[in-house]
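Residue numbers (our numbering), protein chains in the order written: chain G, 1 to 311; chain R, 1 to 311.
Hints listed in this document are in silico derivations from the structure and should not be mistaken for laboratory results.
Honestly, I wouldn't trust all of these hints.
Pairs involving identical chains hold if they fit within one copy or between any two copies, as the list cannot separate such chains.
To be verified - Computed list of lysine-lysine pairs in PhoX-like fashion (alpha-carbon distance at most 25 Å, straight line): (1) Lys202 with Lys287; (2) Lys52 with Lys82; (3) Lys101 with Lys202; (4) Lys287 with Lys72; (5) Lys52 with Lys94; (6) Lys87 with Lys144; (7) Lys308 with Lys144; (8) Lys308 with Lys94; (9) Lys307 with Lys144; (10) Lys94 with Lys202; (11) Lys14 with Lys143.
2 protein chains.
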Amino acid sequence: MPAQLGSWNDGPVKNAIIDFVTRVTTPNGPDLVPPAERIATFDNDGTLWLEKPMYIQLEHGLRAIAKAAAEKPGLRDRQPFKAVYEKDMAWLGKAAADYAKGDPSGIFTLVTGVAEVLEGITVEAFEADVLDFLCNVQDAHFKKPYRLLTYGPMVELVHYLQDNGFQVYITSGGGRDFMRAICEEVYEIPRSMVIGSSVTFKYGEDAQGVPQVLRSREIEQPIDDGPGKPVHIHRTIGRRPILAAGNSDGDIHMLKYARGHRRPSLALLVHHDDAEREYCYDSGSEKALQLAPQEGWMVVSMQQDWKKVFA
Amino acid sequence: MPAQLGSWNDGPVKNAIIDFVTRVTTPNGPDLVPPAERIATFDNDGTLWLEKPMYIQLEHGLRAIAKAAAEKPGLRDRQPFKAVYEKDMAWLGKAAADYAKGDPSGIFTLVTGVAEVLEGITVEAFEADVLDFLCNVQDAHFKKPYRLLTYGPMVELVHYLQDNGFQVYITSGGGRDFMRAICEEVYEIPRSMVIGSSVTFKYGEDAQGVPQVLRSREIEQPIDDGPGKPVHIHRTIGRRPILAAGNSDGDIHMLKYARGHRRPSLALLVHHDDAEREYCYDSGSEKALQLAPQEGWMVVSMQQDWKKVFA
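For reference, chain G alone in the conformation it holds in the complex:
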């Protein structure tokens, strides 16, 4: 029995999703889209799982920086090690606030610091470390391990699409390899279908002569955010999606790219308007929310459209 949208309240958004999927999958229908072209792309942070009070991956990165700063005093006289070691919340808060306003410099300093301390480890070692973090570190507010803080209705939507012959990809502004550690468990999305930002890599051989792919400290350009999202989608998939879902200004280009398809298309924008069950904020999503009506994007209200928030 195919997945249903049981966690979605009846209303225009649920109707639009079901209508769209019915249109593109009805055999012999005028809008039938062959399965190979049923591509859906989902942003991750804030769309498929929690992104507040900060990106989950950032918490993981801060721990890596703190560990390095504790072990190597020589790092502490420069950012981001100084701020993390001294628990300088003003510096850290400004980095996050600037990012929401469109200035990524502080976050970039943090990300490059993380890449620096993880330089040279194998991709397998990185993944094992991430998996341990996601299974064992709890979110301070919800008191649950991060891997349990996915949005139930969105995961249901992923499965509903998969059961209707869609190929569903994650397109995260965050780290591709970070999400690969649990994408198969929490979303049932294969790791080859995770698109995201990344460091670059080097080929090397370990002490036993076994070939390994090793992380470098360099951030691959472009990152998978804003105009980089359609570029990454082309690189990985080679087809324009007919459905895209996001929640922030970083998803604008992806949503427009999907809506530019010559076939029927659907764009969804998750709006965090549920202070009671999750958070209520427009910060970092102002432009997307403003564009939604004129671009024909469906705004998903967490408060009104979802029977529950978490999976």
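Based on the hints, put chain R in the right spot on chain G.
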């Protein structure tokens, strides 16, 4: 009925392939590999289709360069436009010969020339142009359109693996988007499963305001060759292959990477030793052929192992 290896002669190579696939797919067997980990990666030029007298994509590129040089006289005073316009076979031959000897500078000049003249076109326009070329331009020796010059036994092997639950990827040193134009038709490999070298891209909007992914003139680093192959495999798949097939020195790192798997693994090296039905050459494959016995790679003799060459 699953695909069989009917175009392969009985012998140690065919036996090794069947034994390996049986081992990793036997339910409850000691070497069973779950389908998600049954990753196979195939080099393209010289492994899945013809690469002589020159890479098929190079012929496509030379036509693009010739067209630009014919239209824009200002280009003709520098390489690669000068050599192509003047049909300077000494320059072109040296570029190819240097590449086989490990010096890619001449080929790189050609590739960057192609990227320059195709700068700014959409990925869809590029694909349409490639498809036209592959369907309508004939190889001078075999008198057939290039798309018909795939190796029958290798395509059969791809399908045999797919029918046994393998996910089969192409990992071409050549252009990813070039192969995407026909991978689904000639190999039944989805375009999302083509890994290869590429230019970088820019996001833009066309005159109608439709978002497009546009080719740039910059070559993405690393190219998908040599030590770049395991890096590209990690980026796209996120898993180490258990089977890899190649034919040249550019495949050495990929074959070693597959053989470094903690699970059973198989590496195949196609040897072009069939002057009668195709070509006979070791040039560009000398190191790989020398390494094969000590690394445990199976050398596939076109002459002895294949009943026919082309599909």
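What label fits lysine 287 with lysine 72 when the C-alpha limit is 25 Å: within, between, both, or neither? So lysine 287 and lysine 72 fail the 25 Å test inside a copy (42 Å) and across (43 Å) alike.
Up to 25 Å between alpha-carbons, please classify lysine 52 paired with lysine 94: within, between, both or neither. The answer is within: 15 Å in one copy meets 25 Å, while 58 Å across copies does not.
Is the C-alpha distance from lysine 307 to lysine 144 at most 25 Å within one copy, between copies, in both cases, or in neither? Answer is within; shortest intra-copy Cα gap is 20 Å, inter-copy 61 Å.
Alpha-carbon proximity context of lysine 308 and lysine 144, limit 25 Å: within (16 Å within a copy, 60 Å between copies)
Within, between, both or neither: lysine 101, lysine 202 at alpha-carbon 25 Å: between (34 Å within a copy, 23 Å between copies)
Could you place lysine 94 and lysine 202 in one of the four classes (within, between, both, neither) given a Cα distance threshold of 25 Å? This pair counts as neither: shortest intra-copy Cα distance 33 Å, inter-copy 30 Å.
Between copies, within a copy, both or neither: which fits lysine 308 and lysine 94 at Cα up to 25 Å? Neither way: lysine 308 and lysine 94 sit 32 Å apart in one copy and 67 Å across, limit 25 Å.
Copy assignment of lysine 202 with lysine 287, given that the CA separation must stay at most 25 Å: between (38 Å within a copy, 21 Å between copies)
Can you give me the call for lysine 87 and lysine 144, within, between, both or neither, at a CA distance of at most 25 Å? within (24 Å within a copy, 69 Å between copies)
Indicate which option fits the pair lysine 14, lysine 143 if close means a Cα-Cα distance not exceeding 25 Å: within, between, both or neither. neither (30 Å within a copy, 56 Å between copies)
Since the copies are identical, ignore which copy is meant and state whether lysine 52 and lysine 82 lie within 25 Å (CA to CA) inside a copy, between copies, both or neither. within (23 Å within a copy, 58 Å between copies)
When each numbered hint is compared with the structure, violations occur for hints 4, 8, 10 and 11.
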